[in-house]
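Residue 144 in UniProt numbering sits at position 144 of the sequence shown, and the numbers go up by one each step.
For the record, the hints were derived by calculation from the structure and aren't laboratory data. Predicted, not measured: the structure shown is a model, and the values here were computed from it. Glycine included, C-beta positions come from ideal geometry on N, C-alpha and C. Please note that the accuracy of each hint is not assured.
Unchecked claim - Okay, the calculated beta carbon distance ranges per label pair:
id, residue 1, residue 2, range
1, 82, 190, 38 to 44 angstroms
2, 244, 85, 17 to 23 angstroms
3, 190, 74, 34 to 40 angstroms
4, 101, 64, 25 to 31 angstroms
5, 243, 220, 19 to 25 angstroms
6, 194, 11, 36 to 42 angstroms
7, 253, 195, 26 to 32 angstroms
8, 67, 190, 38 to 44 angstroms
9, 60, 244, 40 to 46 angstroms
10, 13, 117, 17 to 23 angstroms
Unchecked claim - Below, simulated BS3-like cross-link-like pairs (lysine-lysine); rule was C-alpha separation at most 25 angstroms, straight line:
id, residue 1, residue 2
11, 12, 81
12, 12, 40
13, 81, 40
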Amino acid sequence: MSSAHLFQQTDKQSVRTLWISDVHLGTRDCKAEYLASFLKRYHADTLYLVGDIIDGWRLRSGIYWPQAHTNVIRRLLTMSKRGTTVIYVTGNHDEFLRRYSALMLGNIHLVDEAEHVTADGRRLLVIHGDQFDVVTRCHRWLAFLGDSAYGFTLILNRWLNHWRERWGYGYWSLSAFLKYKVKTAVNFISDFEEAISRECLRRGFNGVVCGHIHHAEIRRMGEVEYLNCGDWVESCTALIEHWDGTIELYRLAEEQAFPMRQGAELANVIETAA
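Can you build the whole structure from these sequences, using the hints too?
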């Protein structure tokens, strides 16, 4: 049994909205099993796929598509069939879909951006965010080069977590850790957040939901609520809106750590009682 199944729950939780981004199906570092397990646990009125769900960049150089990636597509189609409105917001890695923007297939809508109104009335712009990345927008060759370097850190990440799992530790992202430590990466994230928040304010939205930079976060940027879904390559994160309009950030690593903490506490209780 894979570790993804250890955290699967049988009872579905009803929520108003789910947001996921940067799944990168078609790459070896996509955590498809974890994502399929996550999606099985929820019934949502609306599911936003906030760009880079399929990695067209990598698929150009070779096909990699295991069964786990097909299972994610099947899960999304099943959710749509059972009443969930699926809104696919295109990103730069799946930009080949932008020529089909405004396409509707049953309960699945393909768009370049969307507006979401929360249960308590906040207007949120939902957009992938590559439009606010100067490197992606103005220096495309540099974006491809950076993607290759990023891929190398993900290979290291894959091997690191292989051994962490063998020794009984939960998932941990080396590449996400480096983003917090490398000054240029921190500055890039900050510039991105400020640019997209300014645009959101200019257009009269209360907040923005985005992806692109693989850095999950909920924070206030002045008058704007900034919400980033993160990704399912490094951090395995998502945004969840509950029925009262509150939005929480889901992190797989925190969920994995919780039963481990419970087990340690139980062991301490047993040892003390003995």
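Do the hints match the structure? See the list:
no., hint, verdict
1, 82 x 190: 38 to 44 angstroms, "40 angstroms, holds"
2, 244 x 85: 17 to 23 angstroms, "20 angstroms, holds"
3, 190 x 74: 34 to 40 angstroms, "38 angstroms, holds"
4, 101 x 64: 25 to 31 angstroms, "27 angstroms, holds"
5, 243 x 220: 19 to 25 angstroms, "23 angstroms, holds"
6, 194 x 11: 36 to 42 angstroms, "41 angstroms, holds"
7, 253 x 195: 26 to 32 angstroms, "28 angstroms, holds"
8, 67 x 190: 38 to 44 angstroms, "39 angstroms, holds"
9, 60 x 244: 40 to 46 angstroms, "44 angstroms, holds"
10, 13 x 117: 17 to 23 angstroms, "22 angstroms, holds"
11, 12 x 81, "16 angstroms, holds"
12, 12 x 40, "7 angstroms, holds"
13, 81 x 40, "14 angstroms, holds"
Consistency note: the structure conflicts with none of the earlier hints.
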